[in-house]
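Participant: Okay, here's what each chain looks like letter by letter:
Number of protein chains: 2
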Amino acid sequence: MATAGAAAPWKQLLLNAMELNSSLKHSSYFQLATIGSNGKPSNRTVVFRGFEEESNKIQINTDYRSSKIEDLKHCQFAEICWYFTDSWEQFRINGTVDIIDALNPDPEKLRQRAKAWFASSPRSRLQYLGPSPGLPYIGEEPKQEYSQDPATGPVHEFCLLVLDPEQVDYLNLKSNQRLSFQSTETDDGGKCWKTEKVNP
Amino acid sequence: MATAGAAAPWKQLLLNAMELNSSLKHSSYFQLATIGSNGKPSNRTVVFRGFEEESNKIQINTDYRSSKIEDLKHCQFAEICWYFTDSWEQFRINGTVDIIDALNPDPEKLRQRAKAWFASSPRSRLQYLGPSPGLPYIGEEPKQEYSQDPATGPVHEFCLLVLDPEQVDYLNLKSNQRLSFQSTETDDGGKCWKTEKVNP
Chain U
1 MATAGAAAPW KQLLLNAMEL NSSLKHSSYF QLATIGSNGK PSNRTVVFRG FEEESNKIQI
61 NTDYRSSKIE DLKHCQFAEI CWYFTDSWEQ FRINGTVDII DALNPDPEKL RQRAKAWFAS
121 SPRSRLQYLG PSPGLPYIGE EPKQEYSQDP ATGPVHEFCL LVLDPEQVDY LNLKSNQRLS
181 FQSTETDDGG KCWKTEKVNP
Chain H
1 MATAGAAAPW KQLLLNAMEL NSSLKHSSYF QLATIGSNGK PSNRTVVFRG FEEESNKIQI
61 NTDYRSSKIE DLKHCQFAEI CWYFTDSWEQ FRINGTVDII DALNPDPEKL RQRAKAWFAS
121 SPRSRLQYLG PSPGLPYIGE EPKQEYSQDP ATGPVHEFCL LVLDPEQVDY LNLKSNQRLS
181 FQSTETDDGG KCWKTEKVNP
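From first to last, the protein sequence lines stand for chains U and H.
Going by this note's numbering, the first residue of the first sequence is number 1, and it counts up by one from there.
Going by this note's numbering, the first residue of the second sequence is number 1, and it counts up by one from there.
Accuracy of the hints is not assured; some may be wrong.
Claimed, not checked - Within a straight-line C-alpha distance of at most 27 Å, the following computed DSS-like cross-link-like pairs (lysine-lysine) qualify:
#1 U:57 with U:194
#2 H:109 with H:174
#3 H:25 with U:25
#4 U:25 with H:115
#5 U:73 with U:57
#6 H:115 with H:25
#7 U:197 with U:73
#8 U:25 with U:194
#9 U:25 with U:73
#10 U:73 with H:73
#11 U:174 with H:25
#12 H:25 with H:73
Said to hold, decoys possible - Listed next, with one range per pair, are the computed distances between beta-carbon atoms:
#13 H:187 with U:74: 56 to 64 Å
#14 H:28 with U:111: 50 to 58 Å
#15 U:151 with H:124: 52 to 60 Å
#16 U:189 with H:185: 49 to 57 Å
#17 H:20 with U:136: 22 to 30 Å
#18 H:182 with U:22: 18 to 26 Å
#19 U:96 with H:182: 29 to 37 Å
#20 H:175 with U:189: 26 to 34 Å
Think of the hints as simulated: they come from the structure by calculation, not from any bench.
From the three backbone atoms N, C-alpha and C, an ideal C-beta is built for every residue, glycine too.
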């Protein structure tokens with residue numbers, strides 16, 4: 001029975017899987033499913049950028065111009081599917097996603113966004129200077145103005161997504177065990193987690 | 001400009017990626033996103049079971065009792081996200097999914113379902129004899145009656161899913177190139193594919 005701030009019961013399982021698979025670069029990649037404004041599901045690979053400070057919330061960096069932003073503005077629910085190829089473990093994590101862009105009115109959230117920017121590599125920061133993702137390629141080159149100074153804060157296009165987990169489904173294909181974690185909200189705005197063993 | 005029966009322009013790219021990554025067992029795994037009857041996205045890892053004979057349609061085996069069946073009955077659209085960890089290529093493939101279960105009235109589809117059953121390993125066939133996936137675990141053991149005879153046809157729980165691709169988004173993270181493939185239906189019920197280079 002975890003309350004606000006406490007680690008959810010699935011978090012240690014996830015940390016263990018990350019540790020077990022840490023030799024693989026792709027172990028920090030997972031698939032994020034959203035619903036498009038056309039009502040159809042959408043699915044893409046994104047990179048895990050850590051938990052929000054002392055919480056169970058999952059951080060993802062993205063370009064504000066990418067279609068997942070439009071999807072999430074239309075429907076804030078998303079499901080992560082994170083398969084660990086070495087340990088044969090799958091985590092399905094669903095919840096709502098908070099979009100923290102340059103115009104967010106909350107100074108604390110803007111601080112988190114800046115922190116995520118500075119935690120990302122200079123190479124990955126350059127991505128945000130390119131032309132709009134998904135639009136027809138016309139040979140346009142990335143803008144140069146921010147490309148060299150590592151002390152410059154986040155560009156306008158940089159966006160932090162924070163997924164607040166509500167349900168987690170854990171499957172271990174080696175032991176053939178499956179666990180279901182369901183949360184309910186507590187009076188203090190925290191989450192209470194219930195764990196159940198389910199059929200694989 | 002492919003017509004009915006012809007290979008779509010993205011198919012050779014996908015076959016190349018499969019070949020390049022074939023030393024990895026997990027290269028045949030991808031994530032399938034659907035929409036649940038609660039209107040929320042759902043995402044899980046499934047196994048590629050080949051293309052339907054001489055077509056661009058993608059086959060997946062599943063248990064009729066799994067929640068993805070309920071999802072697909074509610075909304076037939078799905079999106080595959082297939083990331084190849086060795087070649088750093090991603091294919092996002094969306095389209096509609098045909099559910100071919102034991103009660104399907106089409107004899108040709110039932111033949112495909114039986115073919116998919118016999119193409120799967122005896123070990124993976126055993127899965128379908130277990131208790132309902134996702135329900136609380138009560139120590140129930142798999143049924144034994146079909147477990148030994150490899151000549152027995154598909155059990156009732158075995159279901160073939162066939163995804164008919166409508167759009168494909170290809171991203172190569174090594175070359176940083178992205179291609180968008182869009183189909184339109186032709187008069188003869190086939191598909192005409194348009195390829196466009198888009199910004200990564």
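Participant: All the hints need checking, so say for each whether the structure fits it.
Facilitator: These are the hints, each one checked on the structure:
1. For the given pair, residue 57 (chain U) sits about 17 Å from residue 194 (chain U) by alpha-carbon distance, which is consistent with the 27 Å threshold.
2. At most 27 Å may separate the alpha-carbon atoms for a hinted pair to count; residue 109 (chain H) and residue 174 (chain H) exceed this at roughly 40 Å.
3. The suggested pairing of residue 25 (chain H) with residue 25 (chain U) holds, with an alpha-carbon distance near 17 Å, which does not exceed 27 Å.
4. For the hint linking residue 25 (chain U) to residue 115 (chain H), the alpha-carbon distance of about 37 Å lies beyond 27 Å, and the restraint is violated.
5. As the CA atoms of residue 73 (chain U) and residue 57 (chain U) are separated by approximately 19 Å, the hinted pair is consistent with the 27 Å bound.
6. The hinted pair formed by residue 115 (chain H) and residue 25 (chain H) meets the criterion: a straight-line CA distance of about 22 Å does not exceed 27 Å.
7. Using a Cα cut-off of 27 Å, the hinted pair residue 197 (chain U) and residue 73 (chain U) is violated, with the two alpha carbons roughly 34 Å apart.
8. In summary, the hint linking residue 25 (chain U) to residue 194 (chain U) is not supported, as the alpha carbons are separated by about 32 Å, beyond the 27 Å threshold.
9. Between residue 25 (chain U) and residue 73 (chain U), the direct Cα distance comes to roughly 30 Å. Violation of the 27 Å bound is thereby established for this hinted pair.
10. As the CA atoms of residue 73 (chain U) and residue 73 (chain H) are separated by approximately 26 Å, the hinted pair is consistent with the 27 Å bound.
11. For a cut-off of 27 Å, the pair hint linking residue 174 (chain U) to residue 25 (chain H) stands: about 14 Å separates their Cα positions.
12. For the proposed pair residue 25 (chain H) and residue 73 (chain H), the alpha carbon gap of about 30 Å is over 27 Å, so the pair is violated.
13. Remark: the range hint 56 to 64 Å for residue 187 (chain H) to residue 74 (chain U) is contradicted by a beta-carbon distance near 34 Å.
14. Here the CB-CB span from residue 28 (chain H) to residue 111 (chain U) is close to 43 Å, at odds with the stated 50 to 58 Å.
15. The given range of 52 to 60 Å is respected by residue 151 (chain U) and residue 124 (chain H), whose C-beta atoms sit roughly 54 Å from each other.
16. For residue 189 (chain U) and residue 185 (chain H), the hinted distance range of 49 to 57 Å is satisfied, since their beta carbons lie about 50 Å from each other.
17. Between residue 20 (chain H) and residue 136 (chain U) the beta carbons are some 27 Å apart, a value that agrees with the proposed interval 22 to 30 Å.
18. For residue 182 (chain H) and residue 22 (chain U), the hinted distance range of 18 to 26 Å is not satisfied, since their beta carbons lie about 39 Å from each other.
19. Between residue 96 (chain U) and residue 182 (chain H) the beta carbons are some 31 Å apart, a value that agrees with the proposed interval 29 to 37 Å.
20. The beta-carbon spacing between residue 175 (chain H) and residue 189 (chain U), approximately 47 Å, falls outside the hinted interval of 26 to 34 Å.
The structure shown violates the earlier hints numbered 2, 4, 7, 8, 9, 12, 13, 14, 18 and 20.
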